[in-house]
Every structure is written in structure tokens, then in C-alpha cells.
Amino acid sequence: MIYDLQTEYRTNPLGLDCRPRFSWKLSGSRNNVLQKKYQIQVISRGKMVWNSGTVESEQSVQSPYAAEALDPMTLYQVQVSVWDNYGVIGRASGSFETGLLRQENWKAEWITHTLPAEETKCPVFVRRFAVEKPVKAARLYAAACGVYEACLNGRKAGDAFLAPGWTSYHHRIQYQTLDVTDLLQKQNELAITVGNGWYKGYLGFDEKPDHYGSRTACRAMLRLEYTDGETAYLGTDTDWTVETGEIMSAELYYGETQDLTAGRKQAGPAVLFEDTAGPGKLVAQESEPVRICERFPVLKKLVTPKGELVFDFGQNMAGIVEVKLPKRTGDRLVIRHAETLDKDGNFYTENLRTAKAEDTYIYKEEQAGRTVRPHFTFHGFRYICVEGAGEDVSADAFTACALHTDMRKTGAFAADNPLVNQLQSNICWGQRSNFLDIPTDCPQRNERLGWTGDAQVFCGTASFNCQTALFFRKWLRDMAAETTPEWGVPHVVPNILGDQDGAAAWSDAAVIIPWKLYRINGDREMLAEQFPMMKAWVDYVGSKTNEKGLWQNGFQYGDWLALDIEAGSTDRTGGTDRYLVANAFYAHSLDLVRRAAQALELPEAEEKYETLYQKVVDALNEEFITHTGRVVSETQTACVLLLHFGLAKPEYRERILNTLTANVGMHHNHLTTGFAGTPYLCHCLSENGQHSLASDIFLKEDFPGWLYAVKKGATTIWERWDSIHPDGSFDESGMNSLNHYAYGSIGSWLYEKATGIRCAAPGYKKIRIEPLLTKGMEEVAASYESVYGRIESRVSCRNGKITVDVTIPANTTAVLALPEQKEECSVGSGRYHYEYATSTSLKAEKYSFESTLGEVLAEEKARTMFEQLVPGMLENPMIRVAYGMTLSDLTAMAADSKLLYQAVLDALNRA
118 MIYDLQTEYR TNPLGLDCRP RFSWKLSGSR NNVLQKKYQI QVISRGKMVW NSGTVESEQS
178 VQSPYAAEAL DPMTLYQVQV SVWDNYGVIG RASGSFETGL LRQENWKAEW ITHTLPAEET
238 KCPVFVRRFA VEKPVKAARL YAAACGVYEA CLNGRKAGDA FLAPGWTSYH HRIQYQTLDV
298 TDLLQKQNEL AITVGNGWYK GYLGFDEKPD HYGSRTACRA MLRLEYTDGE TAYLGTDTDW
358 TVETGEIMSA ELYYGETQDL TAGRKQAGPA VLFEDTAGPG KLVAQESEPV RICERFPVLK
418 KLVTPKGELV FDFGQNMAGI VEVKLPKRTG DRLVIRHAET LDKDGNFYTE NLRTAKAEDT
478 YIYKEEQAGR TVRPHFTFHG FRYICVEGAG EDVSADAFTA CALHTDMRKT GAFAADNPLV
538 NQLQSNICWG QRSNFLDIPT DCPQRNERLG WTGDAQVFCG TASFNCQTAL FFRKWLRDMA
598 AETTPEWGVP HVVPNILGDQ DGAAAWSDAA VIIPWKLYRI NGDREMLAEQ FPMMKAWVDY
658 VGSKTNEKGL WQNGFQYGDW LALDIEAGST DRTGGTDRYL VANAFYAHSL DLVRRAAQAL
718 ELPEAEEKYE TLYQKVVDAL NEEFITHTGR VVSETQTACV LLLHFGLAKP EYRERILNTL
778 TANVGMHHNH LTTGFAGTPY LCHCLSENGQ HSLASDIFLK EDFPGWLYAV KKGATTIWER
838 WDSIHPDGSF DESGMNSLNH YAYGSIGSWL YEKATGIRCA APGYKKIRIE PLLTKGMEEV
898 AASYESVYGR IESRVSCRNG KITVDVTIPA NTTAVLALPE QKEECSVGSG RYHYEYATST
958 SLKAEKYSFE STLGEVLAEE KARTMFEQLV PGMLENPMIR VAYGMTLSDL TAMAADSKLL
1018 YQAVLDALNR A
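Quick note: the sequence shown uses my numbering, first residue 118, plus one each step.
Honestly, the hints are just simulated from the structure, not real lab data.
Fair warning: there could be bad hints in the mix.
[As the list claims (entries may be wrong)] In silico DSBU-like cross-links for lysine-lysine, where the CA-CA straight-line distance does not exceed 30 Å:
1) 441 x 417
2) 224 x 273
3) 665 x 766
4) 303 x 273
5) 418 x 460
6) 460 x 481
7) 652 x 398
8) 417 x 652
9) 417 x 829
Let the sequences and hints guide you as you build the complete structure.
As C-alpha cells, then:
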């Protein structure tokens, strides 16, 4: 059978503006299942639009629609049939609905308001209309310069928040397709409220407004398809009116104020929007929307030593608080947000800098009991401080609502170590808190920007945890739009910081993320789309290099926030030569660009970047490594980058590895790496025969290490290794987010090294399972829902026995390299179970077997004793499983005890 039929990574999507591709997964109880052929049929209004015919192919991922152009605003049914290698036929059906497809299909204008510039109330664009006959389907296509919420007859359309999301607005603005069929009545009111959001609101370190425009606006079109086949449209124009409502002000950093006593008031007619810069091209929603994805009740109610009424939700997150309005003790209810309490137990907001993060509700006594929440803001918080309600207010009045892009969960990791499990939770929540339409650095302070460096180092881990294809594709399209020959790739995307020269590791996101996405999803079309940007970045760096081909000028972040700086230094770029970091990433990006050219079958580009790559690698070795293999910067990060990226000459690798392990040893097996080195440190050690050292670093419970924060009560990843000091005090540098996902990049090591799930071909069409036993975690388990299906690996090492359970999805193959086994084996899809003795227990068992079998051979009644011995041996997995001895093998040896004796000894010696 087949399941999980998707169109462009989505199930039955609304509003597609592209030529679709279809993916599906196979399942079955048999092993070694492969697809042999498939057929796709696309149907609209009862007529066949496209029939692929029977295609003999294993392709089950991103199979393209290959027929005439699709009609706009049209529902299509999809039927897929698959034949596997056992002759089993599977079928699945689904649908997709196109969006407007072309700009000329908009029957609506951009409109705005005439409120004074100083007015903070959110405008509400209103149109009233009647429906005279039965409606088959109704769709609202809507966008805004700002963030909007559409209501039809007082009910919200859709479940998204902060639409249309943040894009490079002068280049692109998304529109959403909303099904409003069930909201229609005979007499209707369509009201679209628009907040400042990212378009007009206060953003950045300097908190300036109007980055994209000084006035909010909206564009919307309602399409009514009647049961009699007629179609009608209602679009934004000057017939709409503008009102103000309950939202007095709303800013992303500062929070939202609602006056529930205000009611709606007329504010004049709508006028056409004539921004001189102009909004960018309207494109259909490209990624999953931001939604409330989880709700949290109050875990604990407390009064702080300062007398503050505080509620603890138990989890740091990005989101909003839903409130069942309590009885007031003042004229308003104020809710303040914070990530933590200070060491004395008081509400702590210093690390928010100037972000006010405060929601206010003004209401009458008779409105108590009404449920409200903010519309156009979000906060980073675990705790709230409530003002304006008595201490007897119930904790049930408050619910934390976690907001983030609603990506499908694809990965899970667990161990028998509770600290590690909490770390994995922290990694996931760091991602969920910061993947809010774009990959932000933090969700709480006056920043929340799409830093490219953070996203680059975390992309691999993020894509294990969730399906990130659509999320990153949307963001990368903005990156491409803002990449220029003059400045390269911006440090933040969308770029509100102005023109800056591109910087290594940060701007390399333009190459590293597209390549990782290709490896993860096997999507050549997406790689081809991003390839021009990949080339543009390395070409930009090439324009900055010296005659040797090295990049040794301009600003660099180096190994940001590394711990190997001189005591007392305020330099945040770390102790590694920043141009060594820059050239290591430059060479690495060149390597990935040439690989991408190869994957896309572009031989000229492949040859060009292969030649340039070799030139840079040779120059890098000459500049930063002596002829004896000594590195200019003998830091952990320098060694890791040279080894992990494969840049050091073979003859230098051993000394560099020794330098790395010696440096780690000097720091009592603790890391000193920053943003550039941390993602690769444990990977590098594990790949170079030092997995035990990597494990020791990973499991350190004191500072600096991943589990230090866990033991300090963290529920997300911190920006700094010591954001909270051992004495409970805080880092006061002004950069101290407690929800910063970058160091969560260690998550990919847990999946790839501890449980051994590795990609051997794009999309995991071929898989490698190679778990490495990790001291401190006797049992680990992970699952990953690849584009072909579920991959699982569970490994335990207890009581002298290793147990491995593996699941390989249909239509893929895998190579298994099990712990302490010299020989690898190739398998097809299915479930596999292995258990055998560890090498240490085998050494002890060897003598027991030698002695027992020796006695058997010495006895004249060897045959009788042998018959007594064999049943136990057959039950012993140490002999029968670990060394490939089956029941028939041992039975065949039963006639000759000497043969059996020698076979057992040979097997033990091999082990």
C-alpha cells in the first residue's frame, strides 16, 4: 500500500502557485520492497487533465506534473497507483487547489487608510455585502503590508497568526488562500484588521519603525462559486471603509493593548495605496503558516519576594498568553513576560533589553470571564507577571500558547540518560521558539532577526527534528532576492540592517543550507533554483581574495562567542584566526558548489569550482599550516574546521588531530568552541577515532557544556555557555538570550553518531546505519521520517550484550555497520534485530569456552558430552548470532567436536 500522498510537501494544499510535484511512501509487511512502476492521474471537474501512464521507475519523491498549464483557483483531484516488486498494487488519492497563478488574476487593489501618522490604533478595513443564492465554495485571497487578521461575520478566517509573514517586502509579499465557505451568511461583514508587524513596526537594535513603509495596507479578494456554476468576486477598492476597533496599539517588541470598551468607530473611507517604493510581487504562501501549536496550563503560581504575582508555565517558548479575564483590582489588567526569575526568585526582564513585552487589557467589570489574547505580537517567555488582578486570581485564567511555523515533526531521539532527554527537548523548543516564519536568533529581546549564521549551523539538526523544506525555501528565496554582487549575502534575512559586506560562516548559509536540504530531501529542482545564489556567494568572496586566492580582509565574526579568548577581553570573535575561519568556510563552500554542479549535471561549473577549490585549499595549507603540520591557531575550532571540512593535507591530519585532542585535554575535556566550531566538534572527533572523547565532552555536566544549562533548569538552549552563572547570577553583556538555538546543533550528532542514522544518497534513498556506542548512554533510540518513510535505530549495550534494532523504509536500501562488527551488511527495507556479546565480555567468555570444549575433547565420551553442550550453545547469542553460526551450522559440526572446537575458537579470536 502507499500512504502520505503529498503535493509540494503538503497534504491537500490550498493556493498553489507552481507546477506541482507529487510524493508518496510505500509500506508493506515484507522485506526488500521496491517500487517498480507508478501512475499519476490528475482530474478536475470530472475530466481527466493528465494521465502519466504507467511509468517504470522507483521515483516516489517529487514526481512532476507534466501536462498543460493549470487553471487558476481550481480544485484538482490526484490519484496515484503503485506496483511494487512483489506485484502488490497500492493506491492513494488526494487533492490540491491552485491559487491565482498570475498577477493579472487579482481583481482587487491595494488600499490603505487616512489615519494620522501618530495614530497607533490598528485600522480595520470593512466591506458589507449580501449573498443571494447558495454558495458551493468561497475563498478569500488576502495579503497585507503589515500583519493582518480577517474576520467574516465576526469569526476569524483560518487559524494562522502574523500573516502574511515576513519576507523581503520590496521584492515579495505572500498572500494566503482561506476557505471561508462555512463562515458565509445571507448578510455579511468582511473585516480585515492590520497591525504594524515587521512592515511598519519597530525593529532592530535601534528600534526604528517604517523599515518598509510608513503606512499599513491590505489587498484582498473574495471569490464566491455558486452552486449554479456562476462565479462572483469582491475585491478591495475605495468602496471599502476604514474603522478602528479594540486594538489600541500592537508592536512585536512592546506587546499589545486592547480596550474592550472601545467598540468599532468610523475612520473614513479606504484610499488606494500609493507607496513610492511599492510592495513587492504577490506570491502564494510558500511555507507552513504560523499557528498555535501547543498550549500550556500554569504549572505553578507564586508570589515573589518583591510581592509580584507570577505564573510559571514550566516551558520557555515563543508565543502569547490567552486570558479568561479575571475581576479587576485596578483600571486594567497588565501581563508582563519573562524567561526566568533572578537568583532571589524575582521576576527578571533585564535580558529583554528595551523590549517591553507587555500586554494590556482595559475592560468593564461585566466583561470579566471573556477569553482574549493578543493578535499582532509575540513574546519569548516562561513566566508572566500579572498586575491588576488580586492574588486570589485562579491559575486557570491563563494559558500559554506556543506560536511557531507549523512544520511537520519528523524526528525523535531518546536515551536512558534523563539529562540528555531534557537537552533534546531543549533543542526542539529552541527550534520551535525561533522558527517563527523565519529562523530568528531569539524570540524575546529587541532583535528577533533572521541571522544567517545561526540558521546555517543549526540547519542539519533542525531538519532531523522537523520537515524544513518549505520553511527554508521561503527564507532562501528572500536571501537570494537580497544577495548582490556589491555586498554579497546579508548577515540577516530579511535585511533591515542595511548594506554590509558578507561575512564567513554567516553568509555561507547561502551555500551550506541549500546543499543540506538537497541531501536531506533529494530535491534537485530546489537545488537548481538556489544554485545561482550559491555561485553568487563564492564569486563574491572570490572578488575579495588576494593573488593566492585567500580572503584576508574585511569584517569577520570569527568563532563568535568562543571561550578561548584572553581573560578580560571583550572581543566576541574568539581565539581562532578569523581569516583562517573565513578561508575554511570559503573552501568548504567552493567544495559544496562543485558538488551541487555535479548533482545538477553542469560540467563546466563543476570544473570551474573544482579548480578554484584546489587552489584555495593549497593556499590555505601554505598560509595556515607549517610544513610539519602545526596550525597557526592551535584552537579547537581551527583544528576542527581543517579536519571536518577535509582541508588539511593527508600528511598533516594526524598531528592536527593530536593538537585537537591535546587542547581538549588541557581544558579537562571541555569545549572552548564558539558558533563556527561547536556544530562540528563532536562530529569531527567521532569521525576521526575519538568518539569516546566526543562523548566525554558532550556529557560534561559543568561549565562549559550542554548539560550545564540542563542542570541549571533550562528548558531551551542558551545563547552563551554561561548565560546563568553557577551562583545564579546572569551574564550582563547585553547579549544573554535564554532561547537561542545555535548550540543545539549538537542534535545532529545524536542522530548521526549515537544512533547512527546517516544519509548515503540524496533523500535517504540509500541509508547508512552506523551507531557508535556512547559511554553514559547505555541505550539510545531515534526515528526519522524521511521523504521515503520512517527510519529507526535503537541501540543498547548492557550486561555484556549489544542489541540493535533497525527499521528501513520501503523503496530504499541500507548498509548496516554495527558496533564492534568488522563486516558491514547490505539490506533492503524491513525490520532487523541483532544481539551479540560485547568485545569485553567475549574475552572473558573465550576462556570458559576453551576450557569446556577442551574437556569435551579430552573425554572418550566426547560425543555424549557434546550433545549435552550444544543446546546451551545454540541458545547463546554470543556464539549463534554474533559469529554467524546458525542452528544448521552447529548441527553440521556435531559429528566432529574438533571441527566445532576450532570454529568456536576462530570466531572468538576474530571478535
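>> So, against the hints stated earlier in the document, which numbers end up violated here?
In response: Hints 6 and 8 not satisfied by this model.
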